[in-house]
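A.B. asks: Residue numbering for the sequence shown follows my numbering, beginning at 43 and increasing consecutively.
There may be inaccurate statements among the hints.
FRET-style restraints, in silico, Cβ to Cβ [claimed, not checked]:
1. 73 to 105: 30 to 40 Å
2. 74 to 104: 19 to 29 Å
3. 109 to 85: 19 to 29 Å
4. 60 to 80: 35 to 45 Å
5. 74 to 50: 16 to 26 Å
6. 76 to 55: 24 to 34 Å
7. 72 to 109: 35 to 45 Å
8. 46 to 78: 12 to 22 Å
9. 53 to 83: 37 to 47 Å
10. 65 to 91: 12 to 22 Å
Bear in mind the hints are in silico, worked out from the structure with no lab data behind them.
Predicted, not measured: the structure shown is a model, and the values here were computed from it.
Beta carbons are placed, not taken as given, at the ideal position from N, Cα and C, and that holds for glycine.
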Amino acid sequence: MEMIGKLIFLVLMSLLYCVVVGSLFYAVAWVTGRSFLEVLGDLWIAVPFSFVATMSSVLKITKEEDSAGRG
Numbered sequence: 043m044e045m046i047g048k049l050i051f052l053v054l055m056s057l058l059y060c061v062v063v064g065s066l067f068y069a070v071a072w073v074t075g076r077s078f079l080e081v082l083g084d085l086w087i088a089v090p091f092s093f094v095a096t097m098s099s100v101l102k103i104t105k106e107e108d109s110a111g112r113g
């Protein structure tokens with residue numbers, strides 16, 4: 043049951059990440075006057091790396107919380 047909770051948490055964090063990054067890309071496109079796809083095309087390489095970094099940080103935090111709760 044605990045594993046299902048962690049999986050749901052990771053899915054929700056992934057969705058939140060997509061919303062935040064999408065909003066940032068849209069804001070950059072709006073400010074620069076370019077289309078969203080142009081901005082996404084310029085920054086596409088940053089998305090996977092930042093996603094992995096964000097999710098690894100989330101996993102590290104949840105692992106530390108589990109360790110603190112049991113210890």
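A.B. asks: Please list, smallest to largest, the hint numbers that this structure does not respect.
C.D. replies: 2, 3, 4, 5, 8, 9
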